[in-house]
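Each chain, letter by letter, is given below.
6 protein chains.
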Amino acid sequence: MHRSGGIASFMRLPIQNNTQGLDACFLGIPLDTGTSNRPGTRFGPRQIRCESTSIRPFHPIHRISPFNFINVADVGDVPANPYNLQEACDIIREKYNELIRDNCITLTMGGDHTITYPILQAIKNRYGRVCLLHIDAHGDVTNSYQDSKITHGTPFYRSLEEDLIDPTQTVQIGLRGSCHTAEVYDWQIEKGFEVIPAEECWHKSLSPLMKKIRQKFGDLPVYLSFDIDAIDPGFCPGTGTPEIGGLTPIQALEIIRGCKGLNLVGCDVVEVSPPYDFGGTTALTASHLLFEMLCVLPKVK
Amino acid sequence: MHRSGGIASFMRLPIQNNTQGLDACFLGIPLDTGTSNRPGTRFGPRQIRCESTSIRPFHPIHRISPFNFINVADVGDVPANPYNLQEACDIIREKYNELIRDNCITLTMGGDHTITYPILQAIKNRYGRVCLLHIDAHGDVTNSYQDSKITHGTPFYRSLEEDLIDPTQTVQIGLRGSCHTAEVYDWQIEKGFEVIPAEECWHKSLSPLMKKIRQKFGDLPVYLSFDIDAIDPGFCPGTGTPEIGGLTPIQALEIIRGCKGLNLVGCDVVEVSPPYDFGGTTALTASHLLFEMLCVLPKVK
Amino acid sequence: MHRSGGIASFMRLPIQNNTQGLDACFLGIPLDTGTSNRPGTRFGPRQIRCESTSIRPFHPIHRISPFNFINVADVGDVPANPYNLQEACDIIREKYNELIRDNCITLTMGGDHTITYPILQAIKNRYGRVCLLHIDAHGDVTNSYQDSKITHGTPFYRSLEEDLIDPTQTVQIGLRGSCHTAEVYDWQIEKGFEVIPAEECWHKSLSPLMKKIRQKFGDLPVYLSFDIDAIDPGFCPGTGTPEIGGLTPIQALEIIRGCKGLNLVGCDVVEVSPPYDFGGTTALTASHLLFEMLCVLPKVK
Amino acid sequence: MHRSGGIASFMRLPIQNNTQGLDACFLGIPLDTGTSNRPGTRFGPRQIRCESTSIRPFHPIHRISPFNFINVADVGDVPANPYNLQEACDIIREKYNELIRDNCITLTMGGDHTITYPILQAIKNRYGRVCLLHIDAHGDVTNSYQDSKITHGTPFYRSLEEDLIDPTQTVQIGLRGSCHTAEVYDWQIEKGFEVIPAEECWHKSLSPLMKKIRQKFGDLPVYLSFDIDAIDPGFCPGTGTPEIGGLTPIQALEIIRGCKGLNLVGCDVVEVSPPYDFGGTTALTASHLLFEMLCVLPKVK
Amino acid sequence: MHRSGGIASFMRLPIQNNTQGLDACFLGIPLDTGTSNRPGTRFGPRQIRCESTSIRPFHPIHRISPFNFINVADVGDVPANPYNLQEACDIIREKYNELIRDNCITLTMGGDHTITYPILQAIKNRYGRVCLLHIDAHGDVTNSYQDSKITHGTPFYRSLEEDLIDPTQTVQIGLRGSCHTAEVYDWQIEKGFEVIPAEECWHKSLSPLMKKIRQKFGDLPVYLSFDIDAIDPGFCPGTGTPEIGGLTPIQALEIIRGCKGLNLVGCDVVEVSPPYDFGGTTALTASHLLFEMLCVLPKVK
Amino acid sequence: MHRSGGIASFMRLPIQNNTQGLDACFLGIPLDTGTSNRPGTRFGPRQIRCESTSIRPFHPIHRISPFNFINVADVGDVPANPYNLQEACDIIREKYNELIRDNCITLTMGGDHTITYPILQAIKNRYGRVCLLHIDAHGDVTNSYQDSKITHGTPFYRSLEEDLIDPTQTVQIGLRGSCHTAEVYDWQIEKGFEVIPAEECWHKSLSPLMKKIRQKFGDLPVYLSFDIDAIDPGFCPGTGTPEIGGLTPIQALEIIRGCKGLNLVGCDVVEVSPPYDFGGTTALTASHLLFEMLCVLPKVK
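Line by line, the protein sequences are chains A, B, C, D, E and F.
Under our numbering, think of the first position of the first sequence as 6, with each following residue one higher.
Under our numbering, think of the first position of the second sequence as 6, with each following residue one higher.
Under our numbering, think of the first position of the third sequence as 6, with each following residue one higher.
Under our numbering, think of the first position of the fourth sequence as 6, with each following residue one higher.
Under our numbering, think of the first position of the fifth sequence as 6, with each following residue one higher.
Under our numbering, think of the first position of the sixth sequence as 6, with each following residue one higher.
Since the hints were derived computationally from the structure, they do not count as laboratory data.
Wrong hints could be hidden among the right ones.
Where chains are identical, the list cannot tell them apart; a pair therefore holds if satisfied intra-copy or between any two copies.
[As the list claims (entries may be wrong)] Subject to a maximum C-alpha distance of 30 angstroms in a straight line, what follows is the list of computed DSS-like cross-link-like pairs (lysine-lysine):
1) Lys217 - Lys154
2) Lys154 - Lys209
3) Lys196 - Lys304
4) Lys217 - Lys196
5) Lys304 - Lys154
6) Lys129 - Lys217
7) Lys154 - Lys216
8) Lys306 - Lys129
9) Lys306 - Lys154
10) Lys154 - Lys265
11) Lys209 - Lys129
12) Lys196 - Lys306
13) Lys221 - Lys209
14) Lys265 - Lys209
15) Lys216 - Lys265
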């Protein structure tokens, strides 16, 4: 079947309802009610799947086809309740508890960034506290927004509060832009996060940075969370809270390829908002990044 | 100032914080977390205001300028909490209680249809139970959706439950399209609503229907709620739950102009979703309908 | 699962590889190399599926859910070769021979109109020569175009040549617009087709026409082919050869609902071109029309 | 050459610099600085030409190919100065004086409506005072706007002032929408214009109206000016001052086809603004209307 | 109020009619009739205001909120006459004379580049001849275009002619692309301008350049004029005369942040054309740049 | 004539049917049926011509106007048959044989990359085997796709097979992205091609590379084929097979400017797909690159 056809699972992989027999799976969480500005990420998984159909299985830099090493399927979407964020989180956490019980690695298509919080709860249940590699324009470390403790601006405050991540093994890359107070840049540094603002990434390769991060994390389990708004809106306009001066897709590739060798236990790409994605380049980019993540999973040699 | 300039209040009317001295006001409720399908109506008020700037004050059919009869301003937006629909409703109701205390008539820009429920609570506080003229592709009479009793599919179930509207003085025009069960077409008829499905509107003027409705409502207080999805998506694509086979903008004009003589106590146009409004015709239509509503308010002779 | 989520099969129906146990199936043919003007219909099936996810199972006019009467699934796409139209036709015909062997009725998402020719070949194999109800802006009865006998402008010339359809039981509705010679309007009339040009449809309901067509076709097997360009480009811009002055979606609904009682043996909606479908209303309309077709299949009472 | 190729003159007609040997010509005036709201009509001629390439030469209702009767070419664009509207008008008038000296009939692609004023000056030079058939959402009879006497809102005030048109032989169809004062609806009626507002056109064929207009104009020379905003923005969003409740493309076809038999001495389609024409349907419609005008010119039997 | 709501003044700042009590103000000039290619900048101010609503008050690099140091408001738009560029300039100059009389610094949203000429006239009235930092793809130093001396291609020829700027203290950054003659690159160099073409900016940080510029200008009063087309159209497509190979948004940030310490007496961002700004990233970028300018005003420590 | 007007030949150059008296010509091949993913390139030539109208004749870096050195015209489009790729290739080859007989250099606007194969056949007829400078995201060296030997993925396999190009004098720049097998990266290296993958181009100027290439090619005849998908989709989304991590427009300019001094005998820019080119930046970029190519032709000193 040529690439324009076929029902759009991720890369047109087999569809199954559970993770039985799988080493890794793609899945979506179609949720956007945690967003504070432009909505639309509830359609992220569907659009990323559509764009993913043009990806082919062989990766020319790693010189491998990941499907020769591991079993992968698309396990569909998590039915997170858009009207009740707490309940949505409970549904997500329970679903992930089940999906990852037998070590299947989840590659999640968001959805707004709210979803990483319950995913990390499940990750902790299975792997204990993890290292976090967090690529984003924003720190997402607010305590609450509009009196709500569960929003797309709060997942890493919650995660630290619940000891899901090790703050001294957490790295944030790409932060930039205006904010309400200095706190969203300072609080996490006080807690031990390493923060690489976008300004430190300008005009250069991020491969050297990744080398340092690999040394830092060593063999510890790592969760990789990639907010598409880390990338400059010139390349990825389809997101809810764009900030100029961001990373390039080239740097995004350097980051993910630089994860080769890490003990990745889960990955996500979040905040793709199709109604703002004129031309579809944002969803295309997200689909490519997810394939790149697949290619650096530990079992893919 | 030519029409391309000026800060975009509705029709570039004066902006004020309250309704003191006003006979009518335009205002927005930037909320979309009650939606069940495509979001985006949180940006409805801003886009409707932008498009409204090209409206001029004289209405050639009524042959009047409404501003010669009544004092009108734009009173801004209601800060409804997007993360908590119950709280959003409380904020809206309290705000409207205050806005309409001295008989100012509100012309509301939505926002998803959730907002009509708390508006009707305030309307009842001020005017008692009212007649309802409801133009929509959907009945919006579901009891709950995804376990939530407050969504954009439930406002008129809630309103009837709380006796905010008189079911025997409620008319729904434009209903059509697929549904989960027959109930969303039958329940309200059992309760006494008069339902004019879209199919009964096809290929004809709605002026005769409006004559009957004027006779039905007489001098009773009437609330007019216009969901833009009542209009066919060929004309108004920018909405969350489009259904083909809808009303034409001509029929929409006939409906609103046919309200001349009714005792209108409040009006809204809801469900305009700018991210799906390619070309801006949906927001343009909404702005024109709001101006048409202004021209048929009781004090505008 | 709310409507924004889930892998996009048609209406999120179960996916299966064959038609075993099915009374009807949806499927796509992602092909556009038969087109003579704007391409893009190869992405028609995928986009129609995406838009179909917001359709709910109950039809309020027929007052039934078709799924209570028949087994339905999405059987995926036919891998038609885009580089060789003759081979593409062979692949399609063979696939349909197999799909309809046990009487499963196919509801096909195009693809350009080329595809109806091999479908009709398979239909003839199973049902013999059929009646044809053909809704289109163009007659599609050219003998050849640019020396090619298989294009989207030739399917019904080919079909008549191969005796797949009964010309005295063929009705074309919606034809209009400029052409190279009078022949594309005259040839088929000489052969016995009944042609209702768009001009005869203007300003009126098509229900009376459908009554006559039901009488004409009686109990004979009927194939229904709906080219989305029959509908005016104001409503359905996403197609390759738009012609102004076309049918309305309301008339399209009247046509399909007017097929209730016919002995339908196959249906298609073709020529949806997503890259020209700003706002998605064309694919949305196509998805609704396909659901309407499902609701009037003979076994759905 | 298939329709997607070839340098885009109107319908890919021969290009020439003058009207020698021509019975009719297409030409453009790429001007938009007379506009009062959204600009962009300076790109109207180019986009109309692009869309016109899909028109074929035979008209199935008139059952003729106009090119069998008359010589037609595309004579390019008039270099109207965008920075000086008075000078632009002078350039246009002089150019048209030359183009029509030997009776070539001009079919003009606008540009904003300012251009009809100097065209009518040239028309008067050649034919004397003419009848005017003016299709528009607006009367365009303002005396001045922002102190400027030459804008797209003033051409027919100027034209009457200079006795270019016979007010008792002027018909305006499609007027509607809000205005600054009643004058733009009343002034011309006092002068003798026949005004058919959009409201009188709703829900019906305009063929009977055109029969009356043919009787009124008889054999007198007639200029036909068609502002694309006469058509509803649901069908033609790509224009600068859209007003809801307008004509349908079907009615536009009835108007132009109803001109068959009139002594047309010039035609234009103006106010097509490509940057607002998502999907290109407005330019497509304009190109079709221009072809329809060609088919009803006096020499085309 | 969350960021999706509220009437769109710049950053939803208070609106006032004059500059009384203000240290700085945002304002718009909705004008595009000085443009030579694509129009649309008349809607620049409105769209920039819409996008600015998502900016928050704290700047993480400067580590300040400018509103803690200075009083700022949005003072609306200047009613420049689109039909008469000379009169438009007179209106703008007079308005700025008044606005800046008491040292309020204007941050102007264009509008096409024509507007900087009358602004500089007012600036000279108040501050005398100034240094000019001019970021642009084009030199804008043509003497006249189409016989017009006031267009968006002539402001700096006019400004030098009238001695509004010191040519030896004028720096132009980002110039590139084709032109009619060498003069638009050479004339200003002969006059003493320092010109940094885009090619000299490729592949590097502009911070070192800004250091030199700060040394050059010292404490002299500086006007900063930023034409958005300086930035590459991949990032900022929404402008009238795009040229490939331009600056990046990162370089734009480096330029503006590098102005910290300069004696800025006025700033503008011009040539944002919303009808060409698919996705809104151009207006978003302009709004961010204006906020960045606010943060480096002299009184903001 | 200002840039918004005039019939859109390339840069509004004179149009002629042959290359008599020409040193160079622009022409289009409106073909897209060789594509394997998104179609639309059949409209590439028309859209590139539209965008080219804003280019002016003087190049500020080379400091020349090419039109002072050579005669150039637009010779229209080649009528390649979209239904038969072999026949399309035959038509193209024959047409080019004729066009280049007297040494006119062709600057071709594609069309998909299929077209370079028959162009190279004609080039060989005239110049013998040539050096190839091939800029692309893909190697286009597949032997066949879907059983078709002539597609946009096979031109350089065919070209080598037929000895049209010298493999030891072939350079490919910009290759990247997923593929079916390693072969499309390895096969050509075995044959002697020099391949510079995109990863080797990241974060740096390509001027040093071009210096080496000039040394390599010396005075040998060189054909330059530029697939627009070599450029990152953030800058050029309007193409059929976008791959992230590509070249920047700045690097594209460096490549073409770096060809100054080469013995260029033909050039093309292919794979511009207007229906995916939101905002038109891709076609704009293509038009600029074609002008840049013109400026480095051997006769332009």
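_Hints violated by the structure (numbers, ascending)_ = Hint check: 1, 2, 3, 5, 7, 9, 10, 11 fail, others pass.
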